[in-house]
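Chains as they are written, first to last, in my numbering: chain A, 66 to 738; chain B, 66 to 738.
Because the hints were derived from the structure by calculation, they are not lab data. Where a beta carbon is used, it is the ideal one built from N, C-alpha and C, also for glycine. Just to be clear, a hint being listed does not mean it is correct.
Using C-beta positions, here's what the derived DEER-type ranges look like [what the hints assert, rightly or not]: (1) Lys-579/B - Arg-82/A: 30 to 38 Å; (2) Thr-551/B - Ala-659/A: 57 to 65 Å; (3) Leu-644/B - Tyr-434/A: 38 to 46 Å.
Computed cross-link-like contacts, EDC-like style, restricted to lysine to aspartate or glutamate with a CA-CA straight-line distance of at most 16 Å [what the hints assert, rightly or not]: (4) Lys-713/B - Asp-130/A; (5) Lys-576/A - Asp-663/B; (6) Lys-597/B - Glu-669/A; (7) Lys-146/B - Asp-160/B; (8) Lys-720/B - Asp-303/A; (9) Lys-731/A - Asp-292/B; (10) Lys-713/A - Asp-130/B; (11) Lys-731/A - Glu-293/B; (12) Lys-720/B - Asp-130/A; (13) Lys-597/B - Glu-665/A; (14) Lys-735/A - Asp-292/B; (15) Lys-138/A - Asp-724/B; (16) Lys-731/B - Asp-292/A; (17) Lys-731/B - Glu-294/A; (18) Lys-597/A - Glu-669/B; (19) Lys-720/A - Glu-669/B.
2 protein chains.
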Amino acid sequence: MNFLGGKQINPDLQNERNKATFDVEEFAKWWYGSEEKLKFKRFLDSYILDDVDEDIFRTQHLRHDEIYTAGIKSCVKVSKKLRKLQDLLRPGQKDIWPGLYLSSNLWGALPPANPFSVHYSMIVDAIQKLGTAEQYEKFGKRAENLEIACAFAQTELGHGTYLRGLETRADYDPEREEFILNTPTMTSYKWWPGGLGQTANYCIVVAQLYIGNCHKDLALFMVQIRDEETHMPLPGIDIGDVGKKMGFPTVNNGYLGLKNVRVPRNHMLMRHDQVLPDGTYVKGPNTAVKFLPLLIGRCVANESSASLLAMACTIASRYSAVRRQCSVDADSQEVQILNYQTQQMKIFPEIGNAIAYKLTSKKLWQCYYETSRDIDEGNYDSLPELHALSCCLKVLSTSDVVNGVERLRLACGGHGYLSSANLGNMYVDGSAACTYEGDNTVLLLTVGRYLLKSYVKAIAGEEVPSLVAYLRNTVEDLASHKWTGTWENILRILEIVAANKIRLAFERIEKRLKSGQTEAEAFNNTGVELIKAAELHGRVIVASIFYEEVKGSSASFRSPQLNRVLENLFEIFLLNIILKKLSDIQRVITISEAEILDLEKRLETSLKTIRPDAVAICDGFDFHDRNMSSTLGCYDGNVYQRIFEAAKSNPLNAKPVPDVFHTHLKPFMKSKL
Amino acid sequence: MNFLGGKQINPDLQNERNKATFDVEEFAKWWYGSEEKLKFKRFLDSYILDDVDEDIFRTQHLRHDEIYTAGIKSCVKVSKKLRKLQDLLRPGQKDIWPGLYLSSNLWGALPPANPFSVHYSMIVDAIQKLGTAEQYEKFGKRAENLEIACAFAQTELGHGTYLRGLETRADYDPEREEFILNTPTMTSYKWWPGGLGQTANYCIVVAQLYIGNCHKDLALFMVQIRDEETHMPLPGIDIGDVGKKMGFPTVNNGYLGLKNVRVPRNHMLMRHDQVLPDGTYVKGPNTAVKFLPLLIGRCVANESSASLLAMACTIASRYSAVRRQCSVDADSQEVQILNYQTQQMKIFPEIGNAIAYKLTSKKLWQCYYETSRDIDEGNYDSLPELHALSCCLKVLSTSDVVNGVERLRLACGGHGYLSSANLGNMYVDGSAACTYEGDNTVLLLTVGRYLLKSYVKAIAGEEVPSLVAYLRNTVEDLASHKWTGTWENILRILEIVAANKIRLAFERIEKRLKSGQTEAEAFNNTGVELIKAAELHGRVIVASIFYEEVKGSSASFRSPQLNRVLENLFEIFLLNIILKKLSDIQRVITISEAEILDLEKRLETSLKTIRPDAVAICDGFDFHDRNMSSTLGCYDGNVYQRIFEAAKSNPLNAKPVPDVFHTHLKPFMKSKL
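With the rest of the complex left out, here is chain A:
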């Protein structure tokens, strides 16, 4: 199958493009950040994506080990090209290689999740932020250039959420100035690290540090696990792949058992906490900083999720413009399914979500870089806020996106179920993000805890970070707020609704404590309400970020046409939230039946307003066909031809009669017992 055109544009798609009310190029420049960035992205498209000789989904019917092999090959091929390009354009810098390795614009040339995803999302930063300068020289630089491939091993077979429960231990031996690492039980086997199975030759191991058999704290150790020349596992290392999963076929998630594995003292990452040669333990100023790699993982999760959803929107919009079903009267042509209101309701709010989470991702990275700079200067103050924000945005982006991708897949009917549509793969890959770098429910509870603390401070009149300042507002403040239905009014009311939920959770916990429950019991018994409060807090943040983009100062740099498109998308995004949270809202403010009917009418109007621009907006995401690797989503809209060609090339069809007919089926069908 050739995804690269040479085929005529489907007239239905062309017609959609002709009737767009705005300049798609302007949208694309905005989406990628600037004209230059868009230009470079397109250059990369032609340099890397046009040069892919095999579609990634073609490997899907292979064996697990063959899919892994194909994955490694594509990763190496892309890495080579990036390295060459870096050397050609800006030698000595790192913005292209490895800077672009994780970019979603390379998806399709390599698998979105692959054996080096963790290496590039977490490892280099982990060594830089948690290791000493010498450690960065020794390991970090080699990791950056993929001279060593490294996994991050924290989770164990029996332990995930609760880090204090990790069983892997590192005992310091002051005689030889070495740590001795062990996974003493089956449940302490490291389990899940991406790339660990057959790919990595190094691994950052998170372990309980013991000095003189006395427990100190968790610590991170750089452990060589395979020989650099032969790739054979080193002595004491029991390693392998955890087996097939729902998705992530090439990620090579692995397990690791350690038996008396010794590493030199200077293999413990010691920028913060330290073990001196004599075994003296020196605690750093902040213990939370060692979880920075997971925090980065959450930033990456938000970013990837946004890309995933934008791609799924593109596929579903184009397919819905091409697919025709049912006719109003017998003689006329069947109707584009994109004209059905129910179909629009599946797609358009997701376009709004894709944009919302693209914006939150930008914001989150910005906060990360600021905090990261602060930490480098020894200031850890903004870490708790960044932690809460990253948890909150990771949860909302991954869960909304994975639900959105599935909604969009279902919107493509039967053909959406084909592997060649690629929406199923997007779903199973996206779905993993709801669990990794912190289970979404656990993270919401973490946010809930943060909100409870902030609430106590806020009502005591203490200073709180800006993102939770609204907690000061209580239901009483509503006296001055009536429902008017403007965006500003809705945002304000959403804040009050969130604040009210947190107040309610706080009061329940208080009541339970007074009735004699322990803190843990009271917290647990309020869990369901607390995660609702945390979710609402997240909704407030996401909506505010989107609103700021639409109505803030950056609007003046865009044309009125583009601004109108973004406003339309914000409108549907906000209405969608409001209508889902209506009962929460009705608990703090009166909305009349007429006002609710008006909201529903606004939603209907909003669908109609977006309709003529839907395909063009997705064109504005400017994804290369290969990014989406979808028979349904190509730019030219030749959907049926591609599905047909993909089916014909399926290996099951290589022979007219399968062998199993003769060996099993026929003997049974012919025997009448």
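Please build the complex by placing chain B on the supplied structure of chain A, with the hints as guidance.
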């Protein structure tokens, strides 16, 4: 891996079983319908499931064609055993073979969805209900015994929902008394039929019937597609597998192109509409009856979905009793995750749903058999009602179940993502049911149309079927209804809420018609509201069926202990609906903040009440370990050992170093450009 015991019961699971408040055996007898049925099921378990030599999920990492082959082998093996058993126990009858072929109690011995699923769910009945007595003699009996394997080809590459749009045509040739079948375009290729690819040798083809080039109606034709001896495709037949999908790896969904394929006149299924030898077309009394096969498909979908959810509940409950995470204080053992309120909220309402949909399935089959008997006697009156009911229950069961399965999978954290947990497979298989035999959104719109018609009749005082009689009640009737929160009160109010939604949709359509919109436009522009109305109608039906079981006459045949368990599950089931539909409810009746807080409190209490029985209830579903084929869900609870063994046996781990290290990875890592 051996799923068949020999391992000690995990003490946490044993402890759960010890503290159950009811008799699990009594529950199991109730679930399976009687003591005899349970006994026979257990006999089958030992006869068939204990004798499976390879776990089905072991095939998951194979190539697509290898998985298909393994699927056929397992289907043939099970079929042989069933046939043998039938012959042994009740020769000449059909209750075991093929009667039990589709039973979910055989899942794990064969794949839940396999190349003969459609053959046994739709074909035999289709021939019997739509064919003549001679056709049943000729094809039906052979199909029943799998002497021929048959697919049902309706959907086309370009056509699904809109049957009038199907392009496959059958032209009658009165000279030779034959039909000539053609798929004249690419989009008219039959696409998706289960078993069609490489398995079936016959096929029921749905085509536009033309006589003398004059279009009559859709008709169904029995077409031989492969030679019975060689299995080679017959002349004019272009056939194959549609390629890998999100799930359903062994179903062998196929495509079919027909070029001047001739079949004798008596191969058109002619019990109702007929073509006489001279080409005279005789229309039967009812045109809708030809869609009966799809209706049966919807009954099967409801039934399978219920089993799927019950199995997923079993896996998640057992795993959550075994898995421990976080400790309240540093010294004590970590907590069973089943003790977390948030975890309970993920699992317990799904147990309620599993039971609800088991009950609706029973009810739906009962209605089907009644209508089927009526049709045999020439009475088609109850067909529209059965049609609407089957659409409604198919939509709610499949969408609730697939969401529930995914919620339960996510509740199992990272390990839920392993293929060996089998929850991912359950999800992708279950998810297909949201599309096949009618896309869920399209079906809801169909129900919506039915409700609008019924509403008009109801308010005009005409007689309407009992399931929609409540539409007579309007908001005004609420004057006599106050919120009291009893089950009866809640059910009554749910009806009024549903009736109100339908009234609103009706009024919107009326308004749009008056403003000059065509009927199709007005209907489309009300689509979003209409599917909400249809969904609410479904909620009323499901809740009423569950309520009837709990409070109806059958309660007197159960012990008070079992009744209490079912009541607890109904309570959480109902509260879960109510709290999700709160804003709809608040639009027709005033509920005070205190009353809402009370509902939330009832939910919390309900979780606590179910907690001690959760594992035992799932034990009461009495699934054989192999039904679930899950490392997380086995009866003995030895979760970690099984995950460990499954990982070790993964083929990627067969060699310590993969070849691709030497061919690709190392050269890249070692080259410094």
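Hints and how they fare:
Taking 30 to 38 Å as the suggested C-beta distance range, the pair Lys-579/B and Arg-82/A conforms, at roughly 36 Å. Between Thr-551/B and Ala-659/A the Cβ separation comes to about 31 Å, which falls outside the hinted range of 57 to 65 Å. Between Leu-644/B and Tyr-434/A, the C-beta spacing of about 41 Å keeps the proposed range 38 to 46 Å intact. At roughly 14 Å between alpha-carbon atoms, Lys-713/B and Asp-130/A fall within 16 Å of each other, so this suggested pair holds.
Note on Lys-576/A and Asp-663/B: the hinted pairing holds, with a Cα-Cα distance of about 15 Å set against a maximum of 16 Å. Using a Cα cut-off of 16 Å, the hinted pair Lys-597/B and Glu-669/A holds, with the two alpha carbons roughly 14 Å apart. Between Lys-146/B and Asp-160/B, the direct Cα distance comes to roughly 14 Å. Compliance with the 16 Å bound is thereby established for this hinted pair. Restraint check for Lys-720/B and Asp-303/A: the C-alpha separation of about 13 Å stays at or below 16 Å, so the hint holds.
In summary, the hint linking Lys-731/A to Asp-292/B is supported, as the alpha carbons are separated by about 11 Å, within the 16 Å threshold. Between Lys-713/A and Asp-130/B, the direct Cα distance comes to roughly 14 Å. Compliance with the 16 Å bound is thereby established for this hinted pair. Distance restraint check for Lys-731/A and Glu-293/B: the Cα-Cα separation of roughly 9 Å lies within the 16 Å cut-off, and the hinted pair is therefore satisfied. Pair hint Lys-720/B plus Asp-130/A holds up; C-alpha atoms about 11 Å apart against a cutoff of 16 Å.
The hinted pair formed by Lys-597/B and Glu-665/A meets the criterion: a straight-line CA distance of about 12 Å does not exceed 16 Å. Proximity of Lys-735/A to Asp-292/B is assessed by CA-CA distance (about 13 Å); at most 16 Å being required, the pair is judged to hold. Note on Lys-138/A and Asp-724/B: the hinted pairing holds, with a Cα-Cα distance of about 11 Å set against a maximum of 16 Å. With a CA separation close to 11 Å, the supplied pair Lys-731/B and Asp-292/A stays within the 16 Å bound.
Only pairs whose Cα atoms come within 16 Å are accepted, and Lys-731/B paired with Glu-294/A is accepted, the gap being roughly 8 Å. For the proposed pair Lys-597/A and Glu-669/B, the alpha carbon gap of about 14 Å is at most 16 Å, so the pair holds. Of the supplied pair hints, the one linking Lys-720/A and Glu-669/B is violated, its CA atoms being roughly 59 Å apart against a limit of 16 Å.
Hints 2 and 19, counting from the list given before, are not met by this structure.
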